[in-house]
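For the protein sequence lines, the chains are A and B, in the order given.
According to my numbering, the residues represented by the first sequence are 1 to 113, in order.
According to my numbering, the residues represented by the second sequence are 1 to 112, in order.
Don't take every hint at face value.
Far from chain A, some chain B residues (derived; all Cβ distances over 12 Å) [what the hints assert, rightly or not]:
1. Lys57
2. Pro61
3. Ser65
4. Ser70
5. Ser79
6. Leu83
7. Asp85
8. Ala92
9. Ser97
10. Gly106
Derived pair list, reagent style EDC-like, types lysine to aspartate or glutamate, alpha-carbon separation capped at 20 Å [as the list claims (entries may be wrong)]:
11. A:Lys105 x A:Glu88
12. A:Lys105 x B:Asp85
13. B:Lys22 x B:Glu51
14. B:Lys57 x B:Asp85
15. A:Lys49 x A:Asp99
16. B:Lys57 x B:Glu100
17. A:Lys68 x A:Asp54
18. B:Lys57 x A:Glu66
19. A:Lys49 x A:Glu15
20. B:Lys52 x B:Asp85
21. A:Lys61 x B:Glu100
22. B:Lys22 x B:Asp56
23. A:Lys68 x A:Asp85
24. A:Lys61 x A:Glu15
25. B:Lys52 x A:Asp8
26. A:Lys61 x A:Glu88
27. A:Lys105 x B:Asp42
28. A:Lys49 x B:Glu100
29. A:Lys49 x A:Asp85
30. A:Lys49 x B:Asp42
31. A:Lys49 x A:Glu66
FYI, nobody ran anything at the bench for these hints, they're computed from the structure.
Just so it is clear, CB atoms sit at the ideal spot from N, CA and C, and this is done for glycine as well.
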Amino acid sequence: AQSVTQPDIHITVSEGASLELRCNYSYGATPYLFWYVQSPGQGLQLLLKYFSGDTLVQGIKGFEAEFKRSQSSFNLRKPSVHWSDAAEYFCAISGGGADGLTFGKGTHLIIQP
Amino acid sequence: AAGVIQSPRHLIKEKRETATLKCYPIPRHDTVYWYQQGPGQDPQFLISFYEKMQSDKGSIPDRFSAQQFSDYHSELNMSSLELGDSALYFCASSFGSGGELFFGEGSRLTVL
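Using the sequences and the accompanying hints, generate a full structural model.
So, in structure tokens, the structure goes:
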């Protein structure tokens with residue numbers, strides 16, 4: 001069975017500092033990989049996705065993620081966070097099948113002034 | 001661009017009542033997925049439909065049922081509601097199964 005692990009439940013970062021959110025997955029092959037952001041009570045917004053090709057993926061809002069096959073990881077990064085980045089971040093995978101996405105438990109990002 | 005539309009956005013029901021959520025996918029998308037997200041939880045896959053046929057089933061309770069209609073919209077029917085059904089219910093659509101899913105804003109169900 002496929003699974004996604006986000007080891008950090010909460011992360012606190014100072015505004016302007018760099019950010020890395022970790023994501024590891026378990027899947028029999030290379031899945032499709034996604035990062036979503038969710039503000040409280042809101043829907044899921046896609047930040048970026050990886051299907052194939054270049055392992056460094058650029059997304060919206062200045063985010064990027066790097067797929068590392070050897071580590072089964074797809075970590076999300078941002079060089080300088082803004083207070084508006086405070087939200088819940090979900091890593092997700094898909095095997096391309098009809099069961100859609102499998103999500104990690106999420107990482108709650110807190111931005112300190 | 002048109003997005004996934006869910007209605008109602010908010011719904012309050014009593015225990016043992018019935019609720020119906022609706023989802024209108026992006027035009028030309030043929031696959032619809034339903035997810036349930038409890039408070040502080042990650043979204044859990046409930047069920048999906050491709051071309052109006054049930055495609056896959058996840059952790060959907062027997063009290064819930066869903067279908068996809070000829071115009072590709074989908075409805076999630078929930079009966080004998082329990083307090084634990086209080087959650088944010090997301091619908092997503094895609095063109096073909098797999099690939100990128102586009103999510104609606106969600107329907108928040110509160111069971112009192």
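Of the numbered hints stated earlier in the document, which are not met by this structure? 1, 8, 9, 10, 18, 19, 20, 23, 25
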